[in-house]
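Number of protein chains: 2
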Amino acid sequence: MNDTITLSHGSGGVQTNRLINEVFFKYFNNDILNQMNDSAQVDIDFKKLAFTTDSFVVNPIFFNGGNIGKLAVCGTVNDIAVSGAKPLYLTSAFIIEEGFSISKLEEIVKSMADEANKAGVKIIAGDTKVVEKGSVDGIFINTSGIGRIYENVNINCANAAVGDVVIVNGTLGDHGMTIMCARNKLGLEGNLMSDCACLNSLVDTMIEAYAGIHVIRDATRGGVAAVLNEISEFSNVTIALEENNLPIKEEVKGATEMLGLDPLYIANEGKLCVFVPEAYAQRVLNVMRNHPLGSDAAIIGQVTRELGQKVYLNTVVGGKRLVDMPSGIQLPRIC
Amino acid sequence: MNDTITLSHGSGGVQTNRLINEVFFKYFNNDILNQMNDSAQVDIDFKKLAFTTDSFVVNPIFFNGGNIGKLAVCGTVNDIAVSGAKPLYLTSAFIIEEGFSISKLEEIVKSMADEANKAGVKIIAGDTKVVEKGSVDGIFINTSGIGRIYENVNINCANAAVGDVVIVNGTLGDHGMTIMCARNKLGLEGNLMSDCACLNSLVDTMIEAYAGIHVIRDATRGGVAAVLNEISEFSNVTIALEENNLPIKEEVKGATEMLGLDPLYIANEGKLCVFVPEAYAQRVLNVMRNHPLGSDAAIIGQVTRELGQKVYLNTVVGGKRLVDMPSGIQLPRIC
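Protein chains in written order, with numbering that gives the first Met the number 0: chain X, 0 to 334; chain L, 0 to 334.
Just chain X, same shape as in the assembly (with noise of 0.2 Å):
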């Protein structure tokens, strides 16, 4: 096979027939998707189920520690696990553009299909369009994910109450600012690398200590600060955050200082917050740092109800400074 992607690979005929077995086939390989079947068909044995979708379009499509395809299983395995859910089934689709290379479209199927193996979800059903030259820019994956919903948990972004310990599994921007320096080939690459990463085991864990957990929710897209600013809306409470106590790797410190960037406002891959109450915040922390995603986990915060829906930052130098919902443009295709 010719290493190019054509536009007769996207008609629906031959050749892609020959993509799909030849890429898509070779390492999705399952018994569900070997049907080939208009659409999946799977047993369901459970009662609630969680559905999600996310659409791929980070920028530079390989980056340090990831790729389009790693992000695109972390980020649908992760939005089903923080809703307290184990993720079952994803879907992938593609949408590549004429002339994308096919050895490195086969990289990212390949770390879609190691990702998807080591979070023990199964691709079960996909779609592939190529558009002419110009038309899209490389590749961009969706992928949507089914996953049963524990019948033990409640967990939900209305659920923080006053008390409330805010917990996060570990340094803060790190894929924000790995992406960012990559794209503007600041020098700054070889300290970075991106945090992405299937956090449904280490959800299992925390749940397994704590059935009660009120809120996770994962921190990507506009940052800690855009996800503790919906908790606060949602659950009506204020969360105040020590900026002493929020992780941030060294490398990271200094590229938002030197581009004059908030690492609450960075958008990571790999992070979660969690809302726990206080009698329980230790044995729920302990899990996580024995977790290899939750090793650096810290408390960042506690949950008032002293300003209504806000979040804020009690400074380093004894300040307080409020944390708002992002607003304006932040980096396009982080994700």
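Don't take every hint at face value.
When chains are identical, the list treats them as one kind, so a pair holds in a single copy or across two.
Unchecked claim - Straight-line C-alpha distance at most 27 Å; calculated BS3-like pairs for lysine-lysine:
1) K47 x K117
2) K132 x K103
3) K85 x K46
4) K103 x K184
5) K319 x K252
6) K103 x K121
Think of the hints as simulated: they come from the structure by calculation, not from any bench.
Since the structure of chain X is provided, determine the placement of chain L on it from the hints.
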């Protein structure tokens, strides 16, 4: 709200939320979507689920008989329906070019809501990405969907059997020729209209008339030729078509002849091929003809074993012509 999509609409902050509320929620409004969870949560009271995905990149975005939004709902609804399932829930993910018109977006979203409403499905989760001008051509939409597989049916591409009668629900090539003539400004646009439609109610009627239907497939990219070749391969049978019986509109026939194209290879977006044992064919044909989306239904061929995995046409002039799997570049961005 200004009428132009900006990068800030995709940044996950204030402007994203406003767009979601003022455009998407305004039309898609339903109790599950409104909970705004990271993943939608739905109650399931059945055992076998259908799950599918499709991305839509059609050009032009608006065409006679529909637009990219209507197409995105119909396409996924149909993929579920032809599996012998009842479509229930969709997700929708938008990739929008910076500078796109918000009022056009609203028109697209309204079409999606109208079509979902007619088909009896709810759009319960979504995603919005905005990319820089030139990184995508206008707007691309992905829809994924889930449905309940009917317990009493076994509809599958591998089930075609010798003696089965092949029925289509109406005229061939309407969608593809509409798009092709509109794109190339051939002056034939006025006479042509896409057949874009949700076929789930038609499929329900057919299954009600005869639950033992062997195969249903919608004939989209690659047309009837691609679908029948796949069925021939999966079921290991020969499919003999009668050229005389192919329902084709005069204006489509005229346009295909002018362009040297074969209507069997042209995409449809509201047409399906059905394989029924001969004894039940008339019953199924009758209920199809009584349905608004099947008034031009016709028997176009029959399953044999004479040539192995082949599709052929008994031509008007008394010859036999092989109908191969389409190969090479068809019209890109037909759906």
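Verification of the supplied hints:
no. : hint        : in the structure
1   : K47 x K117  : both (24 Å within a copy, 25 Å between copies)
2   : K132 x K103 : both (16 Å within a copy, 24 Å between copies)
3   : K85 x K46   : both (13 Å within a copy, 17 Å between copies)
4   : K103 x K184 : within (21 Å within a copy, 36 Å between copies)
5   : K319 x K252 : within (20 Å within a copy, 73 Å between copies)
6   : K103 x K121 : within (22 Å within a copy, 37 Å between copies)
Checked against the numbered hints given earlier, this structure breaks none of them.
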